[in-house]
Each structure stands twice: as structure tokens, then as C-alpha cells.
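One letter stands for each residue in the lines below.
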Amino acid sequence: MNARLRDDARILAVFAAVVIAFGVLAQHDAGLSQAGTYVAIFAPAAIGLSILLGNVNQISVGQAGFFGIGAYSVGYLTVERGWPFWTAAPLGVVLAAAIGVGLGFVALRFRGHYLAMATLAFGLIAAGVFHAAPFLGHASGITGIPYPQFGPLTISGHAAYWFAWIVAFAIALLSLAMLRGRPGRAFEAIRNDELAAETIGIPTRRYKIIAFAYAGALAAAGGATFAAFLGLVNPDAVGIALSVDVLLMVVLGGSGLISGALFGAALIGYLNVVGHQWDNWREVGYGLLVVLCVIFAPGGVLGTLRRLAARTPSARAAAPLPAVGAAPRVRAPSAEPLAVRGVTKRFGGLVAVDEVSFALQPGTLTALIGPNGAGKTTLFNAICGVGRPTAGRIAIGGIDVTGRQPHRVAALGVGRTFQNARLFGEMTVFENVAAAAAANRRVADRRAREVIARLGLDHLAGVPAKDLAFGDRRRAELARAIAAEPWLLLVDEPAAGLNQPERERLNADLLALRDAGTTLLLIEHDMKLVMAISQRVIVLEFGRVIADAAPAEVQRDPRVVAAYLGTAT
Amino acid sequence: MSALLEVRGLRAGYGALEVLRGVDLDVAAGELVAVLGPNGAGKSTLLRAISRYDATLRGGTIVFDGADLTRASTERTVRLGCLQVPEGRQLFGRMSVEDNLRLGAFVRSRRTVESELGTVYERFPVLAQRRAQAAYTLSGGEQQMLAIGRALMARPKLLMLDEPSTGLAPQIVEQIFAIASELARGGTALLIVEQNAYLTLRHADRAYVLENGAVALAGTAAELSRDERVKAIYLGGSTV
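Keeping their order, the protein sequence lines are chains B and U. Following the numbering used here, the numbering of the first sequence begins with 1 at its first residue and continues without gaps. Following the numbering used here, the numbering of the second sequence begins with 1 at its first residue and continues without gaps.
Since the hints were made in silico from the structure, they are not lab data. These numbers come from a predicted model, not from an experiment. For every residue, glycine included, the Cβ atom is placed at its ideal position computed from N, Cα and C. Treat the hints with care, as some may be off.
Derived list of chain B stretches under chain U, where covered just means 3 residues or more per stretch with a C-beta under 8 Å from a C-beta of chain U [as the list claims (entries may be wrong)]:
1) 465-472
2) 515-528
3) 559-567
Label-pair distances were calculated between CB atoms; the ranges are [said to hold, decoys possible]:
4) 119/U with 391/B: 47 to 55 Å
5) 29/U with 567/B: 29 to 37 Å
6) 511/B with 108/U: 53 to 61 Å
7) 336/B with 73/U: 49 to 57 Å
8) 79/U with 512/B: 50 to 58 Å
Using the sequences provided together with the hints, build the complete structure.
Quick look at the structure:
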């Protein structure tokens, strides 16, 4: 299991003990008990944003909007419609999730600062609606919201403390379970490299939308408990200040850690209580705190502590996994693995790929060569679904994939490596490979072990990809591409930056893949390698095919010689 | 003739990637030296290492005009007179031609700027015509001339051109090489990285052919134009 999740679970256990101890100690102190309840109310919103920010790398400065949806749903439905809390709260959560899907669609169009602005705007719009909607009480909001009834028991006072914390921990455990499963792996891959995630078959758009919906639902759950235990909700309570508070909780506590979100919620909750006497200066203090945190502890308090703790025992770094040897399984293609028909790709006035046509036979190794800027990588991208061709059709195994999203092309059995080895840097070699093995966890883990063993990477399985030497990085990327068992593999400059022994190894690996039945298309500038292992060489120049023949023939072709060395006249 | 630039056993790369694996190279004043080789051989990295732009040095020495560049900043290499015209020209697109040129003299005293501007305009009359135009409105060839002109404003002893022919029509490329030869005759040393081997060899005095981060062949341009091994390096035949 991922070391981060393991640590997160451990810290959560400690937190649970602290919450129970605090609850016992505070049972006769209404002030303390209420402060504790407060923290639990805001914790879910922080957990949701922590996942969004730390695991999916998407920011939201509008979480108070979702919090408000939960709070107003409970307020309106219980006070005006007489619903019980138990149906009003879930409805608010579902409503928030649905609106989260909408925000997720919007978020697909934005990145970085612009995404922050867009989500901020969402928060402002939500606050405006709460203020303007006639049935939501305008500025004074909704008051007199009843406490939840559980049979004969009214959940209020200290019982509220226990209830709110049970909700918070249930959400924390649910989130942890999700992060351990396939969504967690997909999130981690997206956070590290969206394009690479797509090309190993992860539907990145869908997962981003899911993350927004989930974060929205959690914030709404917090809002629902807020309305029930405070008995009121108004626009001020769910305004921009709260969105910023939630962001502070995540940044200070440690984004990407569920325990970090809880810690941040506790920290801000505590400071809100203590800081009350300084009132106006409180915001100044928060501002300074964030600046200091970003400079000295960018992982938040818990993230930084975790990193410091992990640094001491270095033995953990490379725990080797038991090797499992096995032969590759390759699906037998029923039709041509790849057929490119008249594909053209224009960027503005520039024609990068110009009416290119060719088809590959199963189990062959073909090289695609040409001078810089000839359009090789653009053609690769078009085949993989990165950038729709301006004209022409592309078929994989007889299925037309023109314009399909990269993860859909990948799902048909197309693997790819990149010129600059786009591994998921924060993830270990094992996690990188397992993320690509599209299957349930157990099967994916086993397959990852097989592939890692086959490529002789066992000793590096536990090493984060960003710490690998260059040659190993390329091998790890090849392992990731093979893990999905593609029958068409596109390899972009695999030999660049490799030394001689590494090149020989690569040579053998590619031939072994071909012999196992994989169809390979190879972009490579190392002509010795190209001529030694390819059965066929396609030469592009200025986007056009100028030669398509056996290696020896291509080497003698005067047009190819001129393309590469120029002409003396 | 002692060398203006002396590179010995240079190893350099980016992060974990090692691109140059021990390169030796000399350029003397007034010489036009070409660096050839297939894609990925390390040609651009060599220039970027010498100009101390962004390649990380891992070993070897670079001595320029008696000064050790291995520990120098990019700014210092420019002040010493070692200038690079980067691939893709990297002009200040929204600024005027003249402002681009003036910025080229950033490291020099103000008094010299006006006379230097005159010299550059004399060499490139087309830039004088377009002095008030924004750089991005120039044609590709004019942009390449502006990039060279901007570097000349610093009065370089060594001018390094990275793929000056990229995207230019053959006629314009001829013009660029003619300018380079003229500069060399005037005493400036030139180091030119190019894909187009035969064309470059026609203009160069000497050349180095890189392969996989090391010098595979070196010699006078005349020798190398006849050498079949150059072709083998580009197209993957046997070099022995």
C-alpha cells in the first residue's frame, strides 16, 4: 500500500483517540464541548478540499457554497416543510454533489489561477443566491432549525459533539477507502501527469468531475450538521470568509492527507475561538501563518512532520517485492493493428502532418523517422487521441478511433511512451506500473510485479519515480506501457539519453516484445538502433512520407540522404 | 594560432540525463566552425553548456579568452564576449526592432550603443528599414538577422548560432551563411550548430560531428565533405 495512505490511517487512529479523550474531558464544560463540535462540523469540508487539492491537484475557493447548500437544505426543509433532519440532510448532500458535477465540468476548462477565480465566482454566486432567494430569508437567513431527533433522543449539547465526530470519522474512513482503491490511483496519476494518465487509459475528465462532486458533497454534509446544531443559517455564515477558512485548514494541516484536513480544522477552530478577543487582527495572523507555512512547511504541518519522520529510516525507500516470473499475455489482433488513412494535422497555417497513410501488420516492428520537426510526434499524438487530426481517419484493430479521447484509445490496447519519459514522479515504480494495469487492485498488483520482474526493475520497485536515474526512468516507463498489455505499442525516442549498455538492453526488450506478438511503432533518432531492429522504416519530412521501405533500401534512398544531410548545392 | 575557446572533456546534461559524454573542441578567432550530427547527438546542449545557459555541467573545462567559464554565470559569459543566438531566435516579439537591438547592448556602456547600432544597420540594411516595427511582424529571415544583430550589439568575440537555417527558405539560408562568413573574415569566431550537414560544410572552415554525446569525427570542412562516415553517422550505417 501507498506509504502516504498508511501513515494517514495511523495518524487518523491517533486523532480518534484524542477526540474520544477530549469528549470525555469536556462533557461537563459546555464551552469546550461546543468548540469540539465546531471542529467536527468543518472537518468534512476540509477533507473534501484536501482530496481535491492534494490528490487531484485542483483548487477550489468556493467550498462555502456547497457548505451553504447543505445548511440551507436542512434549514428550509425542516423549518418550512417539516421534514426530519434524516431526509433533509441527504437531499442537501445529493444536491451539492449534482452541483459539484456542474462545477467539475466548468473546472475542466480552467487551470491554476483561473480555476481559483472560477471557483471563487461559484462561491460568490452561491452566496448571492442564498441572499436573494425569497424563501431563504434574505440577510437574516433561516432560524429556529430543530435539533435532529433520533427516536426519543434529541441530539443536542454534548450528544451533538459525539454525533458530529461520528459523521466526520465515517467520512474520513470512507475517503481513505476510496483513496486506497482505483479512484485513489487514478487521482494520484492525474495529479502527477494528466496526459500520461490519459494514455494509460485513465478517464481523467471523469475523475476530476467525480472529485469536485465528492468534495462538494462532503462540504454539504458539514453544512447540514452546522444548520442542525447551531439552529440557524444565514448568508454571512456561508460566505467567502468560510471558503478561505476551509482552504486555510487544508493548506495549514497538509493537503492530500485526510488527517491533515482534520488537524487543520482543529487548528483553525482553535484559533477562531482563541482569536476572538483580537478580532480584527485575527485575519492578519492567518495571513502571516499561511505565508510562513507555504515557505517553511509547504506540505502543511502534518505533511512536513511526515516528511521529517520518513527521512530518518532510509531502509523503507527500496523495499524489494517478491518477483513473479511469467510470460507476456498478448491478445491476438483480428485485423490490422493500426491503419492511418490520409491523416493531416494543421496548426494554424503550419501543416505538421500532411496526408500520411500507412498500415501496420501484426507482430512487426516499424520505425518512424525523419528530421526534427518532420511531424513524427504529432502523428503519434493523433494516433493516441491527443489532438484530433484535421483530416483523415485512424483505425486501431479495424475500429475507427479518429478523435476519440486518449483513454478510450488506450482501452483498445494501445500503449505509449513519451520522448521525455512522463512518469508519475511522486509515485513509486511499482505504483506507476500498477496504475496502468487496468484491473482490480489485486490483479493489477500481480501484473505490475510480473512486468517489473520481466524488465529487471525489482530492486527499484519501491523508489519514487522522480529519484530514478535517467536510464531506469525510461525502463520504468516502458514497464508502465507494457503493464496494460497493449498489442500496439508506440515508443517515442526510447534510446535518447541512454548509454551503450542501456541501448543494447532496450534493443533486446523491444525485440522480445515484438516476438511476443506486440506490434511496435518506434520513433528514434539513433539510426544504428533503427536500422538494426526494424523490419520497415517510414521516413517523414515536412509532414509527408518520403520513403517507406526496408532499412537498407531507405539508407540508399537519395531523398532520405538529402532530408538528413542536406544537399551541397 | 592559439584557440579563443578551448573545451576539454566536457560532460553536461539536464537533471538525471547525461547528454555530453566528454567533448573536446577548439575555436580560434576568425574561424567558422560547424558542429554537426544527427538529432539528439548533443549539439544544442554543447552550445547551451558553453554559454552557461541551462545545461548542468558534470565535468571538464571550458576556457574562453583565458577565462574559466565552468563557474561563470550566463551574464559573465556575455560580458566576456561569448554570445549565443538561440534556436528559434527568442526575440522580444512585441518590442520594436531597434529596442531589441538596444537590449543586445545591455552589458555595454551607453556611449557605444549609438555607434554600434549604426554598424549593425549597415550590415543589415533591412533592419534599419524596419527599426520601428514590432519584432514579431518580421519575416523568418529578418527575424534571424535581428537575432544575430542583437547578439552583435554586445561586440562578441565568439558568436554561436543554434540551427540558424530552421524554417528558412534556401536562399535566406545562403544569406545567413554569407553573413556568418563575413563576420569570420572580420575576426569574430563562429560556432554554428546545424542539421543540414552538406550546406554547412560548404561554408565552414572546420567541423566536428557529434554522435551520442561525443565527437565521432573532426576535421577540415573539405575533408569531411568527402568522408562517407558522415553519412553513416546520420543514417545508421557502419562507421568503420
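Hint by hint, here is what the structure shows:
Restraint check on the stretch 465-472 of chain B versus chain U: 3 residues with Cβ-Cβ distances below 8 Å, three needed, restraint holds. Counting residues of the stretch 515-528 of chain B whose CB lies closer than 8 Å to any CB of chain U gives 4, which reaches the minimum of 3, so the coverage claim holds. Residues of the stretch 559-567 of chain B lying with their CB closer than 8 Å to a CB of chain U number 6, which satisfies the three-residue condition for coverage. Hint check: residue 119/U to residue 391/B, Cβ distance near 50 Å, so the stated range 47 to 55 Å holds.
Residue 29/U and residue 567/B have their C-beta atoms about 31 Å apart, which keeps the hinted 29 to 37 Å range intact. Between residue 511/B and residue 108/U the CB atoms are about 58 Å apart, so this pair conforms to the stated range of 53 to 61 Å. The hinted window of 49 to 57 Å between residue 336/B and residue 73/U holds, with their beta carbons roughly 55 Å apart. Range check, residue 79/U to residue 512/B: Cβ separation about 54 Å, and the 50 to 58 Å hint holds.
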